[in-house]
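Participant: The residues making up each chain are set out below.
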Amino acid sequence: MSMRQTEASAWHVVGGWNHVQPGAACRVELPGAEIALWRTEAGAVHAWDNRCPHRGMRLSFGIVKGDRLACRYHGWHYDEGGQCRFIPAHPNLDPPDTLAVAQHATHEQDEAIWVALGAGPTEPPPPLGTDQPGFCRSIPLPFGADTAADVLMRLAGASPVAPRLMQVRPEIGGSNRTVTLAVQPIDETRAAMHVFLDGGPKADARLAAIRWTVGLRWQITSETGAAA
Amino acid sequence: MTDRLDSFTRSQWIVIEDDAGIVRRAPFETLLFSIPIRVANGPDGPRIHRLDTGEALPVLRRYGYVWSALDPAPRPLFEVPEFDEAGRRFTPCGPVGVKTSALRVIENFLDLAHFPFVHPGILGTESETEVIPYRVEIRRDVDEVWAVDCGFFQPKAMAASSAGAQVEYRYRVAQPCSAVLYKTSPGRAGAFDLIGILVRPLHETACEVHAWMLMWDEESSDESLLQFQQEIFLQDRIILENQIPHLLPLSAGMEIPTRADATSIAYRRWLKNHGVIWGTCEGIPEVTA
Ligand code: FES
Ligand SMILES: [Fe+2]
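Each protein sequence line maps, in turn, to chains L and Z. Sequential numbering from -15 applies to the first sequence in the working numbering. Sequential numbering from 71 applies to the second sequence in the working numbering.
Just so you know, not all the hints are guaranteed correct.
[Unchecked claim] Here are the simulated lysine to any residue pairs, SDA-like style, with alpha carbons at most 20 angstroms apart: (1) L:K49 to Z:S197; (2) Z:K169 to L:K49; (3) Z:K169 to L:E18; (4) Z:K253 to Z:R159; (5) L:K49 to Z:T195; (6) L:K49 to Z:E198; (7) Z:K226 to L:F45; (8) L:K49 to Z:E196.
[Unchecked claim] Some residues of chain Z that are not near chain L, with every Cβ distance over 12 angstroms (derived): (9) V129; (10) T161; (11) R174; (12) P186; (13) P203; (14) R209; (15) R240; (16) S291; (17) L295; (18) P319; (19) P327; (20) N343.
[Unchecked claim] To spell it out: a stretch of chain L is covered by chain Z in this simulated footprint if at least three of its residues, at any positions, have a beta carbon under 8 angstroms from a beta carbon of chain Z; those stretches are: (21) 29 to 38; (22) 56 to 62; (23) 74 to 85.
Simulated from the structure, these hints should not be mistaken for laboratory data. Model, not experiment: these values are computed from the prediction. Idealized CB from N, CA, C, for every residue including glycine.
Let's have the full structure, built from the sequences with the hints guiding it.
Facilitator: This is the structure we're talking about:
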């Protein structure tokens, strides 16, 4: 199996729920793919190839209009299925079915946004904890995903629970709590880590977990010197 | 790398700097198709050398610019007779560095359909987005791509415009990296103002863009003319640096045009017919950057 096929069949956390707000678009990277992640005004999240089929403009620069994404260059409108619905230069033209953006699978669960390239696996992604996990913080990592896993095991004492998912029980806000670390692969030299905390929506503990994450980031930076 | 430099591109005069810029900056080092060059100014005019081989390159002074070429015998430079007519005012503008192919920059310059979205309130408005059919022709005598009878409603077509107007455009691709726009003058009924764009490839996906204006406009200050061009160009630059891939695709299928893109379609075909490789996706399987 090639690397690409392996990645294509896997779910990846690409950020917390608030990484892309309703009516917004942003750019995310996975190995071999650049993705436009956007949310309709009603709240549905979509992951598309980050390239407008017309003249290649990054769709992450697009403007959300209700349940459509309008390209920033010539204003073509795409519906939630990626199908082009309106070409402003030809307002009376019905765009052909062939005018469509390639889509990727998305899933929202545990306050995380998951993306899988292409149609994605048939199984939904695994849970990010056992007791109402919630999103705390994302940090960039200056090395590839495999190295990231090693570093997190060594520095945070995290242990793997699923591919690209690790857990640790640090003391947070006075008691030991389960923290789940989701590693998003990007390329050979970059990855990202998304941190989730068990225990439901308790703001005090979350702030403490964010502080713990920042501390871990500091440790990673000083230990590896890579981000200096 | 220069093994991607095709003979058509290699034989073109390429803009180096405007006359005032030469006086101000020389001697300086820069790039021409990824080759480092040195530009000096002496009593007998500018001299340009390759830094890798030491070879002297041809120099031409025309239209307020200094031009050079890697080929010792470049093709003749295109003619712009309006430069010799009295009455218009010449304003050079630039350079601006852009991280994309020079050919993407030219294609963007030839594009009418983006005005309402990239230059709202200036060159277009979202209430008038339709591109009326226009004619595209290859002028065999001069081997140039022309688009004529292009019309567009513009809220503020030029620095001197006081109100919105239906503007007539003619586009002309004079070289792979040089294009001229003729547009109805707000200052003089029945006359055309000219705006030109000259692009020097630094690398295949990085270039330096010079623009010039030749206009019936005695009112506007140099500063306001420059500011107007600059504002428009910075809006285009955001687009240009975020088009994927940066290299221009010449083969059909990778990007999907419509009738409004007739000029771009003809430009890409013309480049392909001339065997242009530099700055294009030609010869690169599955380009992604
Ligand atoms: S590039 Fe997206 S509409 Fe033209
Ligand atoms: Fe523009």
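Participant: Hints first: check each against the structure and report whether it holds.
Facilitator: For each hint, the structure was consulted:
A hinted pair counts as satisfied when its Cα atoms are at most 20 angstroms apart, and K49 (chain L) with S197 (chain Z) qualifies at roughly 16 angstroms. Our distance criterion of 20 angstroms between C-alpha atoms is broken by K169 (chain Z) and K49 (chain L), whose separation comes to about 29 angstroms. The suggested pairing of K169 (chain Z) with E18 (chain L) holds, with an alpha-carbon distance near 18 angstroms, which does not exceed 20 angstroms. This hinted pair checks out: K253 (chain Z) and R159 (chain Z) have alpha carbons roughly 15 angstroms apart, not beyond 20 angstroms.
Using a Cα cut-off of 20 angstroms, the hinted pair K49 (chain L) and T195 (chain Z) holds, with the two alpha carbons roughly 17 angstroms apart. Note on K49 (chain L) and E198 (chain Z): the hinted pairing holds, with a Cα-Cα distance of about 18 angstroms set against a maximum of 20 angstroms. Taken as a hint, the K226 (chain Z) and F45 (chain L) pair is broken in the structure, with Cα atoms around 25 angstroms apart against an allowance of 20 angstroms. Taken as a hint, the K49 (chain L) and E196 (chain Z) pair is honoured in the structure, with Cα atoms around 14 angstroms apart against an allowance of 20 angstroms.
Chain L leaves V129 (chain Z) outside its interface by the beta-carbon criterion, the shortest separation being 36 angstroms against a cut-off of 12 angstroms. Taking the minimum C-beta to C-beta distance to chain L, about 27 angstroms, the non-interface status of T161 (chain Z) holds against the 12 angstroms cut. Chain L draws R174 (chain Z) into its interface by the beta-carbon criterion, the shortest separation being 9 angstroms against a cut-off of 12 angstroms. A beta-carbon of chain L is positioned within 12 angstroms of the beta-carbon of P186 (chain Z); the least distance is around 7 angstroms.
Chain L draws P203 (chain Z) into its interface by the beta-carbon criterion, the shortest separation being 10 angstroms against a cut-off of 12 angstroms. With a closest Cβ-Cβ approach of about 25 angstroms to chain L, R209 (chain Z) is found to remain outside the 12 angstroms limit, as its non-interface label requires. In this structure R240 (chain Z) is separated from chain L by more than 12 angstroms, as the shortest Cβ-Cβ distance comes to about 19 angstroms. The Cβ of S291 (chain Z) sits about 32 angstroms from the closest Cβ of chain L, beyond the 12 angstroms cut-off, so the non-interface label holds.
The beta carbon of L295 (chain Z) sits about 26 angstroms from the closest Cβ of chain L, which is more than 12 angstroms, so the claim that it is off the interface holds. In this structure P319 (chain Z) is not separated from chain L by more than 12 angstroms, as the shortest Cβ-Cβ distance comes to only about 8 angstroms. The Cβ of P327 (chain Z) sits about 7 angstroms from the closest Cβ of chain L, inside the 12 angstroms cut-off, so the non-interface label is violated. Even its closest Cβ contact with chain L, about 21 angstroms, leaves N343 (chain Z) beyond 12 angstroms, as expected for a residue assigned away from the interface.
Remark: the segment 29 to 38 of chain L is confirmed as covered by chain Z, as 4 of its residues place a Cβ nearer than 8 angstroms to a Cβ of that chain, reaching the required three. Here the segment 56 to 62 of chain L counts 4 residues with a CB under 8 angstroms from a CB of chain Z, which clears the bar of 3, and the coverage holds. Taking a C-beta to C-beta cut-off of 8 angstroms, the segment 74 to 85 of chain L contributes 5 residues in contact with chain Z, enough for the three needed, and the coverage statement holds.
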